[in-house]
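Participant: With chain E fixed as given, assemble chain L onto it according to the hints.
For the record, the sequence lines run as chains E and L. 1 is the number of the first residue of the first sequence in the working numbering; add one for each residue after it. 1 is the number of the first residue of the second sequence in the working numbering; add one for each residue after it.
Honestly, the hints are just simulated from the structure, not real lab data. Hints may contain errors.
Selected chain E positions facing chain L (in silico; Cβ < 7 angstroms) [stated by the list, open to error]:
id	residue
1	Leu127
2	Asp146
3	Leu149
Pairs of lysine-lysine, DSS-like flavour, derived with a Cα cap of 25 angstroms [said to hold, decoys possible]:
id	chain 1	residue 1	chain 2	residue 2
4	E	Lys158	L	Lys340
5	L	Lys345	L	Lys329
6	L	Lys677	L	Lys345
7	L	Lys687	L	Lys747
8	E	Lys50	L	Lys687
9	L	Lys776	E	Lys155
Each residue gets a CB set at the ideal place from its N, CA and C atoms; glycine is no exception.
So the chains spell out like this:
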Amino acid sequence: MAWRRRFVFACGWSAAIALAVAASCVPVRSATPHDFHASLTQVEVNRGDKTVEIAVRVFLDDLEDALSRRAGRRVRLGTASNFDALAYAYVMEGLTVRTAGGDRLRFVWIGKEPGLDVVWIYVEAPLSGELEGGTLGQTVFCELFDDQLNTVVVKDGKRNTTLTFGPGETSKPVQFAR
Amino acid sequence: MVSGGLGLTLNPVVPHTVIASFFFRESDLSTIRVLSVVLLCIAGAGSVFAQAPATVRSPREDKFRQLEEILPTPNTYRTGSGAPGHQYWQQRADYVIDVSLDDDKQRINATETITYKNNSPDTLTYLWLQLDQNMLAKGSDAQLTSTASTLERVPFDQVDSMLARTTFEGGHVIGSVKDAKGQPLNSTVVKTMMRVDLREPLVAGGVVTFSVAWSYNINDARKIRSRSGYERFEKDGNCLYAIAQWFPRMAPYTDSTGWQHKQFLGSGEFSLEFGDYLVRLTVPNDHIVAATGVLQNPEAVLTPTQRQRLKQAETAEKPVLVVTPDEAKAAEAAKPTGTKTWVFKAENVRDFAFASSRKFIWDARRHDVGGNRVLAMSFYPKEGNPLWGQYSTAAITHTLDVYSRYTFTYPYPVAISVNAPVGGMEYPMICFNGPRPEEDGTYSARTKYGLISVVIHEVGHNYFPMIVNTDERQWTWMDEGLNTFLQYLSEREWDTAYPSGRGEPRDIVEYMASTDQVPIMTNSESLLQFGNNAYAKPATALNILRETVLGRDLFDKAFKEYARRWKFKRPMPADFFRTMEDASGVDLDWFWRGWFYTTDSVDVSIERVRHFTIDTRNPDVENPARKAEEDAEPESLSAQRNKALPKAVDRDPSLKDFYNSYDRYAVTPRDREAYQKFVAGLTPREKELLQSGLNFYVIDLHNIGGLVMPVILKIDYTDGTSEEVRIPAEIWRYNPLDVSKLIMTSKELKSVTLDPHLETADVDLENNAFPRRPVKSRFQLFKFENRQPNPMQLLEAKPGAGADAVKKP
Chain E
1 MAWRRRFVFA CGWSAAIALA VAASCVPVRS ATPHDFHASL TQVEVNRGDK TVEIAVRVFL
61 DDLEDALSRR AGRRVRLGTA SNFDALAYAY VMEGLTVRTA GGDRLRFVWI GKEPGLDVVW
121 IYVEAPLSGE LEGGTLGQTV FCELFDDQLN TVVVKDGKRN TTLTFGPGET SKPVQFAR
Chain L
1 MVSGGLGLTL NPVVPHTVIA SFFFRESDLS TIRVLSVVLL CIAGAGSVFA QAPATVRSPR
61 EDKFRQLEEI LPTPNTYRTG SGAPGHQYWQ QRADYVIDVS LDDDKQRINA TETITYKNNS
121 PDTLTYLWLQ LDQNMLAKGS DAQLTSTAST LERVPFDQVD SMLARTTFEG GHVIGSVKDA
181 KGQPLNSTVV KTMMRVDLRE PLVAGGVVTF SVAWSYNIND ARKIRSRSGY ERFEKDGNCL
241 YAIAQWFPRM APYTDSTGWQ HKQFLGSGEF SLEFGDYLVR LTVPNDHIVA ATGVLQNPEA
301 VLTPTQRQRL KQAETAEKPV LVVTPDEAKA AEAAKPTGTK TWVFKAENVR DFAFASSRKF
361 IWDARRHDVG GNRVLAMSFY PKEGNPLWGQ YSTAAITHTL DVYSRYTFTY PYPVAISVNA
421 PVGGMEYPMI CFNGPRPEED GTYSARTKYG LISVVIHEVG HNYFPMIVNT DERQWTWMDE
481 GLNTFLQYLS EREWDTAYPS GRGEPRDIVE YMASTDQVPI MTNSESLLQF GNNAYAKPAT
541 ALNILRETVL GRDLFDKAFK EYARRWKFKR PMPADFFRTM EDASGVDLDW FWRGWFYTTD
601 SVDVSIERVR HFTIDTRNPD VENPARKAEE DAEPESLSAQ RNKALPKAVD RDPSLKDFYN
661 SYDRYAVTPR DREAYQKFVA GLTPREKELL QSGLNFYVID LHNIGGLVMP VILKIDYTDG
721 TSEEVRIPAE IWRYNPLDVS KLIMTSKELK SVTLDPHLET ADVDLENNAF PRRPVKSRFQ
781 LFKFENRQPN PMQLLEAKPG AGADAVKKP
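Here chain E stands alone, though its shape is the one from the complex:
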């Protein structure tokens, strides 16, 4: 798989270029309607079904961009036959949910729902422990855009909290507002 080789390449170089990158990324936001890098993730505990339900909203062009770079070819929604598989693998890599007991939740693909410029991705995991007291990370696109901002809203019944992840922020504790 082409993207794996590039992945390894990038890893090998990462230490060497770390300093240079820190000093070189220029956040440029032009005045286009959606040339900003943001994602939204809703994490909700479903006590009835004993599951954790997750909806991730990403900009479609960002996702296609990310998948294309990894696949080493043009990956477009609607034309790439394995789009879902690639999207699933990619999004799951960036999303980490660990329960208070330290279990990393394993998510099952539920589906995707494309809008005009965004796509919602739905995944689900069995609730193997409490989210509160555990940790959560959402680093989707952070390797591509230095202005990427990932917002995660976690809901457990009436309790909720919002976590925000910028580049370099990989994991945060989940603590509901009192």
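Facilitator: Using the frame of chain E, we list chain L on its own:
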């Protein structure tokens, strides 16, 4: 003030509206209890109850507190009405620029002469100019202050891009700064700004002329993302240049800010002065140039055929190809034989941008906007077709029509859209837009609507901030928010099914529900979630203001007044807030305060609905009713089991006395007499009310999200009818947390829905109904309506496998 045993306190109501003392009975729609006395206030169905004082003792935030304490004090430059004051002033800068584009080295070489008019009442000893290209210079603040990316899985071309940024020799190289006599002036570059020290102080009303020579390397826009740059097409080896923020521009000097020389870090766009431009652009002689302004020398740069087509376009109803795809293709394959100089003039603009390439196809058509004859034009490489030929110019003329209707007539002679390697970026009369079809000539709906939307958006920026000249370095929402709002209105007029991304209240809910935010009134460079904060939220707020708070007539009048007042002037946030109130006649301080100065959300809950009926006090009616209520109370389990036990009073009847057969609901002659006496003392109107059979429903509302908003209630009755009650936000003015609304009706209430048309961006719909209705989350809706095979199945192509077949990835 009248109070009763219910624990409710009635609002102060004009005393004479209290007409009689009646008894009420309350039920919570399932059980019925008789309650003690309450007085009825006949104030129409609009009476508002406040909660009992005990529940609201903590200090309450006054959501309706006036904004005067936050907004700047009005003065002779800016009035309290939001209009420019009688001594309003702004500076003026006219430019004459000679520039040459080096197509071999991708470089700009230029000189400019700036004539600066000091209209302020102040004496200036130095001037500040903006050097935007310095943002791309090595070691710029933009680079130094950017934070590290995640380095775990960086793709190769990303590394390439990162390296390009560090090695690029960007930034303005200033050759000279001279006065009108050609003598050098002292100048100091401070990052993205340059101070020029004047030889003589520039007094109020004075004019100074000076010149600057400079050059810079143009960035490869595919590697170094920016608002401008060049794109090299590998297949034919040609470049397309989109050139902007390319000349040292006067920083504004204003009544509210002084010199606006806040450093450019990449997000806060520009703050500029109006002026006239004469620009001579020297480019390879096979290039086609699009620029701000009107071409002055078509005979020197266009072929006779092109000139004739352009002439034809000036009266055409459909776009005319001034340069055809075939001609552009032929130019791609040839080499230039020298240079040509294109001369453009632009009047009363705040900036100047241009695009140049031999790849350009060019279409143009005339379009009349409110009596102004405009030439709408598009420039694009063949890679932009088929989309660009069909939609770009059409989107321009549509934008001019809609925006002009909501603001003022488009005042410029041309409006241009160029396909360039940026997402979308606006300049006066010209904008750069990115979307292109696939290489095979097909395109997705997303690309099509993406193109139309971005052309609407960027052409729309002519109104805000190119003409209503807001300070983008300070407040992004003032142009992006207002422009996104008008973009939404324009999209709604393109096609009923147009997939607008921003504008509908329901589309902002996810953002509003998150808590880690900053208010709209945050400086451009410090905004979190730029797109939601400065585009979507203000656009949605304005849409709500228009549809739900003010109504279309009042809003449109006020919005147009704001645009008219500040056309070719420089408004600040207060001028917008004040004008919208001044022209609509509605105090909106609560709205600005909530939506623009806080991160609160709309979440109103129907806590409960209480039912009251009038106690007729007729013992022949009320006593049987109360007995029926008592009988209807559920029998306890013990009572049921004890029923069959033998009882002592049955074994020995002598144990029974009067009380064993006493019926406390039996009507006595004395009861009837008392009732007759009561009725005799009533006026005919009071008797009528007593027998009206009215139901009184008290709907208790709780504000969880913090934003106060109008309350829209849909009430369904058991007879199948329904009604809608629209209550202004002022219902919250005494108590922003809990209010109760009384509904008086002869009908029986079945259910109540809050915000039935999803017009307030309420973030939690589950508490918007009485009785509660479960609301499926986005996840659940999707899961139960669209079950799909999982991607592992898709990947491994196992036919017939169900969605649950694989549990672990």
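Participant: Give a verdict on every hint.
Facilitator: Taking the hints in turn, this is what the structure says about them:
1. Leu127: 14 angstroms, violated
2. Asp146: Asp146 (chain E) check passes; min Cβ-Cβ to chain L is 5 angstroms, inside 7 angstroms.
3. Leu149: 6 angstroms, holds
4. E:Lys158 with L:Lys340: With a Cα-Cα distance of about 69 angstroms, the restraint between Lys158 (chain E) and Lys340 (chain L) is violated, given a limit of 25 angstroms.
5. L:Lys345 with L:Lys329: 29 angstroms, violated
6. L:Lys677 with L:Lys345: 94 angstroms, violated
7. L:Lys687 with L:Lys747: Status holds; Cα separation ~20 angstroms.
8. E:Lys50 with L:Lys687: The hint is violated at about 60 angstroms.
9. L:Lys776 with E:Lys155: 14 angstroms, holds
Consistency with the previously given hints fails for numbers 1, 4, 5, 6 and 8, ordered from lowest to highest.
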